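Just so you know, the protein sequences line up as chains B and S, in that order. For the first sequence, my numbering assigns the number 1 to the initial residue and increments by one for each residue that follows. For the second sequence, my numbering assigns the number 1 to the initial residue and increments by one for each residue that follows.
Honestly, the hints are just simulated from the structure, not real lab data. Hints may contain errors.
Said to hold, decoys possible - Heads up, incomplete: computed chain B residues facing chain S, CB under 10 Å, no partners named:
1) E58
2) S59
3) V60
4) P61
5) S62
6) P66
7) E84
8) A87
9) N103
10) F106
11) F107
12) P109
13) R112
14) V115
Quick caveat, the model's predicted, so the values are computed rather than measured. Idealized CB from N, CA, C, for every residue including glycine.
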Amino acid sequence: DTEVTQTPKHLVMGMTNKKSLKCEQHMGHRAMYWYKQKAKKPPELMFVYSYEKLSINESVPSRFSPECPNSSLLNLHLHALQPEDSALYLCASSQLDRLPSYNEQFFGPGTRLTVL
Amino acid sequence: DAKTTQPPSMDCAEGRAANLPCNHSTISGNEYVYWYRQIHSQGPQYIIHGLKNNETNEMASLIITEDRKSSTLILPHATLRDTAVYYCIVRVATPNDMRFGAGTRLTVKP
């Protein structure tokens, strides 16, 4: 299984709502990532988890709260978002223990988020 | 990570080779060149990577100049399905972060 799955595919939420995005992989990868992508822009790194611990936070506002409950699952909890947070949210995973020259990231299809 | 420069867009005729250039003049000795692509409405997909030698796999070839300041991704026989944004990324081999530049939008035309 070389797939990263993300749910939901689409999400519409109001600025006062609390919602969560979910990402799952069963490739035994020990690094997982969240990216944000606005229309016609490249993906921007948000968070990195290594061995289920947060290793990189790219100064993301606290209204985005990541969680890695186990090595296969990554969540992104959303609260009090703004309309400018509307974007495609991509999850990815990669090996951590292979040769350093080979750490291909596998991406999910993304969750398209609209904040009203 | 070193900065990369790519042309914003390119066209290629179906069946011909697509050659996508990338400049990375500030690359350091321990940085690799990675290529990913993103087909519309999908997540990015890994294509190939290299350090200093040319590399080939089932998807593409990567040619890195001897001084490592630039590289070219070659899709030998482009198809309409290769229409995508192609990202050249230069980074050290730590697995913990990867940052995308603007990329090249390749359009393969019939």
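Checklist entry - Does the interface hint hold: is P66 of chain B within less than 10 Å of chain S, judged Cβ to Cβ? => result 14 Å, violated
Checklist entry - How about F106 of chain B: closest beta carbon in chain S under 10 Å, or not? => result It holds, given that the least Cβ distance between F106 of chain B and chain S is near 7 Å, below 10 Å.
Next on the checklist: Holds or violated: the hint that V115 of chain B contacts chain S, with Cβ atoms closer than 10 Å.
Outcome noted: At 19 Å from the nearest chain S Cβ, V115 of chain B fails the 10 Å test, so the hint is violated.
Next on the checklist: Please check whether E84 of chain B passes as an interface residue: C-beta within 10 Å of a C-beta belonging to chain S.
Outcome noted: 20 Å, violated
Item to check | Interface hint outcome for E58 of chain B [beta carbon to chain S under 10 Å] | outcome: Hint on E58 of chain B: holds, closest Cβ of chain S at ~9 Å, below 10 Å.
Item to check | chain S contact restraint on F107 of chain B - CB to CB distance below 10 Å | outcome: 3 Å, holds
Item to check | Hint check: 10 Å Cβ-Cβ cutoff, V60 of chain B to chain S | outcome: 13 Å, violated
Item to check | Satisfaction of the N103 of chain B interface hint, Cβ to chain S closer than 10 Å | outcome: At about 4 Å, which falls below the 10 Å cut-off, the nearest Cβ of chain S leaves the hint on N103 of chain B intact, so it holds.
Checklist entry - Is the interface hint for A87 of chain B satisfied, with its Cβ closer than 10 Å to some Cβ of chain S? => result 13 Å, violated
Next on the checklist: For the restraint on S59 of chain B, tell me whether the closest CB of chain S is nearer than 10 Å.
Outcome noted: 13 Å, violated
Next on the checklist: The hint names R112 of chain B as touching chain S; please verify it with the least Cβ-Cβ distance against 10 Å.
Outcome noted: 9 Å, holds
Next on the checklist: Does the closest beta carbon of chain S sit nearer than 10 Å to the beta carbon of P61 of chain B?
Outcome noted: 19 Å, violated
The structure fails hints 2, 3, 4, 5, 6, 7, 8, 14 (numbered hints given earlier, in ascending order).
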